[in-house]
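Visitor: For the protein sequence lines, the chains are A and B, in the order given.
Once you know that position 430 of the first sequence is 429 in numbering that gives the first Met the number 0, the rest is easy, because the numbers rise by one and skip nothing.
Once you know that position 361 of the second sequence is 360 in numbering that gives the first Met the number 0, the rest is easy, because the numbers rise by one and skip nothing.
In case anyone wonders, no lab produced these hints; they're calculated from the structure.
A portion of the hints provided could be inaccurate.
Copies of one chain are not kept apart here, so a pair can be met inside one copy or by any two copies together.
Quick list of in silico lysine to any residue cross-link-like pairs, SDA-like style, CA-CA up to 20 Å [to be verified]:
1. LYS185 / GLU477
2. LYS75 / THR342
3. LYS488 / ARG478
4. LYS278 / THR537
5. LYS333 / PHE81
6. LYS375 / ASP345
7. LYS411 / ILE435
None of these values were measured; they are calculated from a predicted model.
Each chain, letter by letter, is given below.
2 protein chains.
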Amino acid sequence: MVKDKENIEVDSVAVAEQEQTSKKAAKKQAKEALKAAKKAEHKAAGKGNDNAEGESVEDCAVGRYGISEMIQSKNKLEERQFVLVQNLSEHIGKDLVWVRGRVHTSRSKGKQCFLILRQQSSTVQCIVAVGDIISKQMVKFAGNIHKESIIDIQAKAVAVPNKIEACTEQNLELSIEQIFVISQAKAQLPLQIEDASRPDTSEDTDGLNIRVNQDTRLDNRVLDLRTPANQAIFRLEAGVCRLFRDILTDKGFTEIHTPKIISAASEGGANVFTVSYFKDSAYLAQSPQLYKQMAIAADFDKVYTVGAVFRAEDSNTHRHLTEFVGLDLEMAFKYHYHEVLHTIGDTFTAIFKGLRDRYSREIEAVGQQYKVEPFKFLEPPLILKFSDGVAMLREAGVETGDEEDLSTPNEKLLGRLVKAKYDTDFYILDKFPLSIRPFYTMPDPNNPIYSNSYDMFMRGEEILSGAQRIHDPDYLIERAKHHNIDTSKIAAYIESFRFGCPPHAGGGIGMERVVMLYLGLDNIRKTSMFPRDPKRLTP
Amino acid sequence: MVKDKENIEVDSVAVAEQEQTSKKAAKKQAKEALKAAKKAEHKAAGKGNDNAEGESVEDCAVGRYGISEMIQSKNKLEERQFVLVQNLSEHIGKDLVWVRGRVHTSRSKGKQCFLILRQQSSTVQCIVAVGDIISKQMVKFAGNIHKESIIDIQAKAVAVPNKIEACTEQNLELSIEQIFVISQAKAQLPLQIEDASRPDTSEDTDGLNIRVNQDTRLDNRVLDLRTPANQAIFRLEAGVCRLFRDILTDKGFTEIHTPKIISAASEGGANVFTVSYFKDSAYLAQSPQLYKQMAIAADFDKVYTVGAVFRAEDSNTHRHLTEFVGLDLEMAFKYHYHEVLHTIGDTFTAIFKGLRDRYSREIEAVGQQYKVEPFKFLEPPLILKFSDGVAMLREAGVETGDEEDLSTPNEKLLGRLVKAKYDTDFYILDKFPLSIRPFYTMPDPNNPIYSNSYDMFMRGEEILSGAQRIHDPDYLIERAKHHNIDTSKIAAYIESFRFGCPPHAGGGIGMERVVMLYLGLDNIRKTSMFPRDPKRLTP
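Start from the sequences and build out the full structure, keeping to the hints where you can.
Guide: Structure, rendered in structure tokens:
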């Protein structure tokens with residue numbers, strides 16, 4: 000991929016920051032230090048606290064630092080009890096501890112080297128200072144370790160008088176006694192974690208105010224994912240899935256798995272990816288709908304599935320992906336699809352509560368980088384009729400027809416109107432016009448213009464679309480014909496309702512959209528770990 | 000699909016069983032009864048306990064039976080409190096209850112009709128008998144409802160003096176007062192649930208002993224999935240996923256989602272499905288491995304993912320599918336990959352215990368149809384070296400080389416030898432020969448013939464393959480070259496280790512295999528809800 004302007008800027012700043020000496024000199028210096036350290040490590044096995052023979056005569060720290068051999072599982076070293084950075088405060092003033100982490104930043108200052116060690120979202124300041132057991136060479140070695148390298152340190156946790164504002168552990172620092180490089184990062188990184196972590200809102204105080212653009216981030220996703228915001232986003236995303244599954248399991252749902260390779264395009268054939276399947280062709284499923292419905296017809300009563308869905312749509316917007324994770328559910332009901340609608344609504348409420356209560360740390364971490372308004376919701380959720388929504392839009396001066404689908408701007412406007420009137424970021428719109436829904440949607444029995452279908456919205460964007468499905472095969476044929484659908488192509492679908500099928504309804508949720516909208520982020524690529532769109536297939 | 004011999008047999012038996020009258024006559028009869036009932040239902044709204052006007056003068060049960068209008072969510076009927084069949088015993092001798100279920104079987108006998116109502120895996124006997132409020136017409140109507148139709152009944156639960164052996168609810172029967180067909184099944188079913196549920200082991204007592212073959216089952220999966228064994232298998236399968244996730248979450252793992260559409264074939268290009276991706280080509284991921292490893296390099300420390308994986312392998316065996324669900328995990332470790340190996344081993348132990356303790360009902364239901372030996376395991380799990388396995392095989396007279404992979408027969412034989420010696424159906428084989436593992440496998444530091452890799456086995460079949468991966472980019476290149484791999488094609492993979500990566504190991508588990516082998520079933524198609532193989536893409 001071509002380097003864009005912003006990326007080049009980032010690189011040059013990185014270089015400028017690196018050292019005051021020239022790039023070449025710095026590299027040479029680092030190389031030599033590492034070479035010396037390697038030699039030292041190879042020579043001294045245990046605690047090399049007296050002189051070793053040969054060149055490194057004056058290094059009192061031999062064996063206390065260096066580049067470790069590649070960890071190939073030679074030794075178990077079970078005696079080394081590692082401590083998490085976030086738990087270090089329990090060790091202040093106690094025995095030496097081992098910590099593994101990354102060099103976030105490092106800065107040499109005469110006989111001292113300060114470095115910040117990062118472990119996932121936690122950071123702690125460390126110091127290596129020339130003394131009885133620490134040599135000048137060791138300090139130099141520490142100062143030359145490339146950012147993002149993984150190191151093992153043995154250190155004492157020491158309380159500090161003044162809070163260290165730059166770190167998450169603000170009341171202590173680590174006084175290093177041993178330091179080994181476990182995995183080296185290369186000297187020139189394509190992006191700096193500091194730049195990639197900089198708040199969207201921060202002011203231009205130092206005249207630099209570097210940002211990293213989206214493509215640079217995604218091209219170097221392994222680095223980009225290390226920012227505190229990204230660490231939090233994907234942990235919260237795991238939470239969304241977990242809550243979705245646990246809540247539905249508690250409600251008596253069974254998890255199922257549906258095939259992604261299918262023999263016929265499920266939703267009519269548009270926007271479907273083709274797969275070569277041995278000597279034939281097949282398609283990638285655009286939704287698990289037919290299979291969820293078959294599971295209902297097969298007496299599983301209430302089912303959900305979490306899995307990849309595919310849309311060959313050439314849409315390059317902030318909210319479209321060609322592959323995303325679908326949280327789908329389907330449920331038999333007794334007499335009215337509102338039994339299902341309320342189940343889904345309650346599930347969302349429980350997810351929002353779970354996120355608020357169990358992921359406050361993650362929400363806060365995302366808030367450090369991105370401006371996020373807390374997500375508001377009502378309990379029970381607000382349910383409006385589609386026609387009520389149309390009335391609200393008209394009242395706001397929008398011209399829209401009774402059977403016209405919501406355009407994206409109208410959808411967003413309605414979200415704002417609902418927020419202003421009801422103070423909720425989540426609501427349900429029920430009874431969509433029949434004409435704008437798929438053929439298998441059950442018509443409203445009381446008004447032929449409408450249907451038993453619904454959408455759900457977060458911050459004014461649709462995150463679930465669902466409906467009562469037609470479970471009567473003859474009526475399904477009637478509706479398919481009305482839509483000019485060749486019923487011979489969906490014969491298997493229709494046939495599955497000829498063995499007795501309970502009335503049922505369901506819906507599909509886009510996982511990445513839920514996370515994006517819950518956090519108030521502006522692009523779905525921020526909530527897909529390795530996003531796929533018409534222009535991106537890597538990494 | 001062509002009807003095979005067994006399928007035709009099933010059909011003809013079904014016909015023979017159906018009625019003693021001819022097929023046509025039966026159909027006509029049913030049609031008429033339903034017509035009359037429909038009329039009755041349309042006329043009488045509430046409790047039609049006196050005569051309606053017109054033709055149906057002598058029917059005292061008008062309004063108490065019939066074919067319901069298609070449930071289109073017109074009424075909520077919230078006053079009808081439905082009871083689950085499995086909870087019916089709590090209602091013996093009490094008020095009338097509503098129950099929704101399927102007609103499993105029905106049998107008319109003069110003025111009475113006996114039918115068995117099935118709800119998922121539960122069954123209960125029901126009776127409709129001519130009396131004060133029940134007419135001859137109503138009994139006739141009940142007797143003519145097609146098997147597998149869904150009905151709503153209002154009935155009294157009555158204790159019975161002799162156990163009803165044919166039902167799961169053996170101490171009661173339901174005396175029906177109202178009966179409505181909610182969804183009609185067609186008269187001729189492609190397979191009978193009774194046949195599809197018949198124990199593998201049952202003796203040929205009635206001279207019929209019908210079985211339904213695999214293709215007939217899979218072609219009509221909606222029916223086939225209704226058998227008690229299948230209801231149990233897929234609930235247990237959901238349990239495997241749930242246990243896998245919950246156990247790993249408790250161990251600090253984070254769930255991730257990895258793309259299924261990838262730009263380059265991950266495992267060398269063989270056996271990969273090609274997808275047309277807009278104007279380009281792409282591939283379906285054969286495993287999430289690269290992405291799991293990237294998540295580790297991105298500081299997620301311990302990750303798992305549950306999702307579809309694809310193998311374009313033209314293997315038509317009992318244990319190969321072209322699409323299956325992978326339970327994958329990857330974990331950074333400190334110094335030795337056994338930290339990961341033990342984590343995976345413990346995860347299996349916890350899954351086995353969870354299944355044993357929480358899914359005993361399902362295991363028993365499967366055992367009713369298939370001969371299943373209880374699954375045995377040791378705690379902690381047995382770990383053998385590959386070379387120990389080779390020695391055991393040699394002791395049993397098998398000729399096999401030190402660096403030779405286990406053939407399928409040898410794998411199975413070793414499973415039997417291990418079972419005989421250690422009494423366990425689960426074990427781990429560690430330290431596989433380097434030459435038979437992928438290029439990214441970390442060699443054994445102590446013996447160049449072996450590697451830091453392992454397989455895990457259930458009932459003598461491999462269900463997990465894993466290893467320490469090479470996390471050093473230069474060494475990875477060296478090993479790739481040794482395998483004659485074009486390193487330019489895996490440049491992105493190698494590059495992801497240049498930003499510092501902790502040592503890590505992991506593995507991938509086939510979900511369907513775990514369920515098949517845990518239950519001791521003979522074919523993986525029994526544990527995939529909608530299996531995909533080179534010859535099957537439907538339903």
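Visitor: How would you classify LYS375 and ASP345 at a CA-CA limit of 20 Å: within, between, both, or neither?
Guide: The answer is within: 15 Å in one copy meets 20 Å, while 41 Å across copies does not.
Visitor: Regarding LYS411 and ILE435, is the shortest C-alpha distance of 20 Å or less found within a copy, between copies, in both, or in neither?
Guide: within (19 Å within a copy, 57 Å between copies)
Visitor: 20 Å Cα cut-off: does LYS278 pair with THR537 within a copy, between copies, both or neither?
Guide: between (28 Å within a copy, 16 Å between copies)
Visitor: Within a copy, between copies, both or neither: where do LYS185 and GLU477 come within 20 Å Cα-Cα?
Guide: Between copies only: 18 Å across, 65 Å inside.
Visitor: Since the copies are identical, ignore which copy is meant and state whether LYS333 and PHE81 lie within 20 Å (CA to CA) inside a copy, between copies, both or neither.
Guide: between (56 Å within a copy, 9 Å between copies)
Visitor: What label fits LYS75 with THR342 when the C-alpha limit is 20 Å: within, between, both, or neither?
Guide: between (51 Å within a copy, 15 Å between copies)
Visitor: Classify it for me, LYS488 with ARG478: is the Cα-Cα distance of at most 20 Å met within a copy, between copies, both or neither?
Guide: within (14 Å within a copy, 51 Å between copies)
Figure legend: structure checked against the earlier numbered hints; every hint is met.
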